[in-house]
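Since chain A is already given, all that's left is putting chain B on it; use the hints.
Heads up: the protein sequence lines correspond to chains A and B, in order.
Under the numbering used here, the first residue of the first sequence carries the number 7, and numbering increases by one thereafter.
Under the numbering used here, the first residue of the second sequence carries the number 157, and numbering increases by one thereafter.
Please keep in mind that the hints were generated in silico from the structure rather than gathered at the bench.
Values in this document were obtained by computation on a predicted structure and should not be read as measured data.
List time: in silico BS3-like cross-link candidates among lysine-lysine, alpha-carbon distance up to 25 Å:
id : chain 1 : residue 1 : chain 2 : residue 2
1  : A       : K220      : A       : K76
2  : A       : K40       : A       : K76
3  : A       : K115      : B       : K240
4  : A       : K9        : A       : K49
5  : A       : K170      : B       : K240
6  : A       : K121      : A       : K220
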Amino acid sequence: MEKVRFSIYRYNPDVDAKPYMQDYELEIEPTDVKLLDALVKLKSKDDGISFRRSCREGICGSDAMNINGKNGLACITDIRSLKQPIMLRPLPGLPVIRDLIVDMTQFFKQYHSIKPYVVNDEAPPEKERLQSPEDRKELDGLYECILCACCSTSCPSFWWNPDKFVGPAGLLAAYRFIADTRDTITSERLDNLEDPYRLFRCHTIMNCVDVCPKHLNPTRAIGKIKEIMVKRAV
Amino acid sequence: MVNRVVVGAHYGLRDWIAQRATAVIMAIYTIALVLFLLAMPSSYENWQGFFHQTWVQVLTQTTLLAVLIHAWVGIRDLWMDYVKPVSVRLVLHVFTILWLVSCFVYSVKVVWGL
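If we strip away everything but chain A, and leave its shape as in the complex, we get (with noise of 0.2 Å):
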């Protein structure tokens, strides 16, 4: 048994007039490895903490949170890593809903800004739209994203106009459907990022490689969009 120390971002917004850090101390057991196996612990002593979870094992992207100042997500920390006591705060820029939840509406909003999809006017083929080895190895490293907004919401740009500008996240979705062959529509999409706030309000700071959980690296996407196109001006 070892204990670990926290201070948590507490706000309820029907009872709490403002937020508040809570400390907590846990003892954990040597099968408790992940950040989020020792909140649920938490949770089972005082089930007012609200905080979202679901697969557990880093592909839902739902426990993304703002964990010793820095976003990560709790299931694939490992709790002997951090530095106690372990500061948890809501993923930051997002309105909070309560504890570390918070109201993902604005990031959705962006995401699907971008139209999220393949989109192919030609007759459909019998069987599927086949893309060669080449040109499918070129989504790898856009099509991993889980969409926990780690990134976005680390991002100062995001922060300051988060109604505007698209995002790390939606821009690197974006270019996984502009690099897409089987997409139709690339010159639309470019358009629709062609503007002083939806794409080069990204200042390329990087904070969004530094946070995200699965290694990607939107800065790269953005500036493919960028190399894209200055490719369809010049």
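Using the frame of chain A, we list chain B on its own:
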């Protein structure tokens, strides 16, 4: 006017390229200038003679223009990031343009010794 979030101004790429191109011009000029100044004997007459050559004046003026274009994109980005009321932003944009154009006019006077 209804209060709606509107995007889709359909510009941005040209400014983004301009910012990068002008950065390259500034870098090349700065390195070349430092090398030239290190290579020649340091005296008032030498410096004056150097900056009196037409090709130096042309390159200096071009670089100063690059600085101003670069500054325009950068400062406009600042206003867009941090200033929310459209009216204030518009005033700041106009003021920035006036300021930079004035700087350009003054730079012509300085570079060409008018």
